[in-house]
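Respectively, the protein sequence lines represent chains A and B. Just so you know, our numbering puts the end of the first sequence at 259, numbered straight through with nothing missing. Just so you know, our numbering puts the end of the second sequence at 581, numbered straight through with nothing missing.
A couple of the hints might just be wrong.
Lysine-lysine pairs mimicking DSSO-like chemistry, simulated, CA-CA at most 30 Å apart [said to hold, decoys possible]:
#1 B:K384 - B:K294
#2 B:K294 - B:K482
#3 B:K294 - B:K404
#4 B:K278 - A:K172
#5 B:K482 - B:K435
#6 B:K278 - A:K252
None of these hints come from the bench; they were simulated from the model.
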Amino acid sequence: MAAGIRFNARGAWSIYQRELMRAMRTAFQSILSPVLTTSLYFIVFGTVIGARMEPIDGVAYGAFIIPGLLMLTLLGETTSNSSFGIYMPRFTGTIYELLSAPVGVAETLIGFVGAAATKGLILAGIILGTATFFVDYEIAHPIYAIGYIILVTSSFSLFGFILGIWADSFEKLGIIPLLILTPLTFLGGTFYSIDELPEPWNTVALANPIAFLVSGLRWTFYGTSDVSIWVSLGLTLGFLALCTCVIAFIFKTGWRLRE
Amino acid sequence: MTEPILSIAGLRKVYSGPKGTSVTALDSVDLEIRKGEIFALLGPNGAGKTTLIGAVCGLVRPTSGTITAFGYDLATDWRAARARIGLVPQELSTDMFETVERAVAYSRGLFGHPPDAERIAEILKSLSLYEKRSSQIRELSGGMKRRVLIAKALAHEPELLFLDEPTAGVDVELRKGMWEQIGALRERGTTVILTTHYIEEAELMADRVGIIRAGRILMVDDKDAMMQRMGTTEAVIDLAAPLSAVPDAVADFPLTLSDDGLQLCYRGGAVSSTGSSSSGSEDVAALTKALIAAGVDYRGIDVHDSSLEDIFVDLVREGGAE
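Work the whole structure out from these sequences, hints included.
As structure tokens, then:
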């Protein structure tokens, strides 16, 4: 590798491959477990309770909850996978190899985030496939849906990466996904439309950033949403940019990475 | 063998502690490593050996100073420099659930090299790991795990290899195996910097030795030159009859008489206290002749040349007394 080379593509590819293999090695935890959980949601809320619910914005209740459930799983899994992916090398000391290699912030992020986004897409595909066994649905804008899923999983894998660097214990690693992300996703319109909430709860719900993500994904599925797709897209891109800046700062200063 | 491939100048690392305190781990370290040599860095625990390695390998951010490897400044051209440096850490740090072959292939890719199954097989064979290539690392013995770390460090064919305490906590047989492997690396032209607690290891392997204490390099020299310059010869002469004082005939020699008058102890070296350039053993031979000429009879002589360990202990002790 000569002087002046600014990107180590093979290094990024190696990280990407390794992270995917790690997911395959823990397929039960990474893929089967969320699929099982989501299936249970479909059975309880989609089939049993959903059969007695009125359609929302012309969409059958069972189909209406698909984007929200997808978001619930993707946010949790992507954040956990990514945070675990960087926390474990820190915890076990294997991070020395990454830090001593000719890879910088770009290669590291492409490797980790690319793998997390790929895992997210695989997971989304499996969940959507599973959903067909319980409810009938059609995706209005499939390309936008794929793009939006990639955007959200990339953003939250960056967020998870920050979390994995910030955490200094397994407890801290689990706090954010369990105590913040999951409740916010539940309250972010996964099972209902925010528009149907009475005031002031309608306004309060809009203080929840996850509501915008759920709404954005729902638009790609059914063409209707609680808030404008552009607002959802802008917010997601803003979050992606913020996380990227934070990680660039972490690499520049070596915070919790280099002594 | 004189071209420096690593130059460290004015390297300083200060760790911030609680309540505004700070610890200086490296203090104005200057060091040059020559191409193709084996350099042993010796020092007591907490001397700064691992911090120094970490600063070169990118694990530690120096507070000040410059590091140049292969002509590249590590602060700016770190990619080009790191691509040619390998590190075997002190701890057994690797993904224990990965197979040996995959772990080594990952390291090769991480350093920007294309996959090369033949090269990886060659490395694994040289470290007697080929038969275990499909095993998960967690299934291996401690010695094998350490060899996996060496294989990972060699995967990108580094020209400069750091071995941080490569034989710490391993049995004698494995330690000798490691020494053979380090010797083989030298044959291939790899420059090796090793830190060790085993002075015997440095004495056996190293071309040059550096001694570090409290973050400061106390001395860097060719091992043989250091032994010659700082080594001493100690000879204990058991006398046939007690003496009341050191005889005048041998008063110029660096001698001490035991309390019971039955032992004369010589402690001199390559450069004797009298200013002559005679070696310690020649000095002892001259001493024994002088004793016989003076009529002092003796029953036995125990001669002992100081080892690198003695020099190390003396230097570190002197440093500690500052």
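Results of checking the hints against the structure:
About 26 Å separates the Cα atoms of K384 of chain B and K294 of chain B, which keeps this hinted pair within 30 Å; it holds. As the CA atoms of K294 of chain B and K482 of chain B are separated by approximately 16 Å, the hinted pair is consistent with the 30 Å bound. Annotation: proposed proximity of K294 of chain B to K404 of chain B holds, straight-line Cα distance about 28 Å (limit 30 Å). For the given pair, K278 of chain B sits about 25 Å from K172 of chain A by alpha-carbon distance, which is consistent with the 30 Å threshold.
For the hint linking K482 of chain B to K435 of chain B, the alpha-carbon distance of about 20 Å falls within 30 Å, and the restraint holds. With a C-alpha separation of about 25 Å, the suggested pair K278 of chain B and K252 of chain A falls inside the 30 Å cut-off, and the hint holds.
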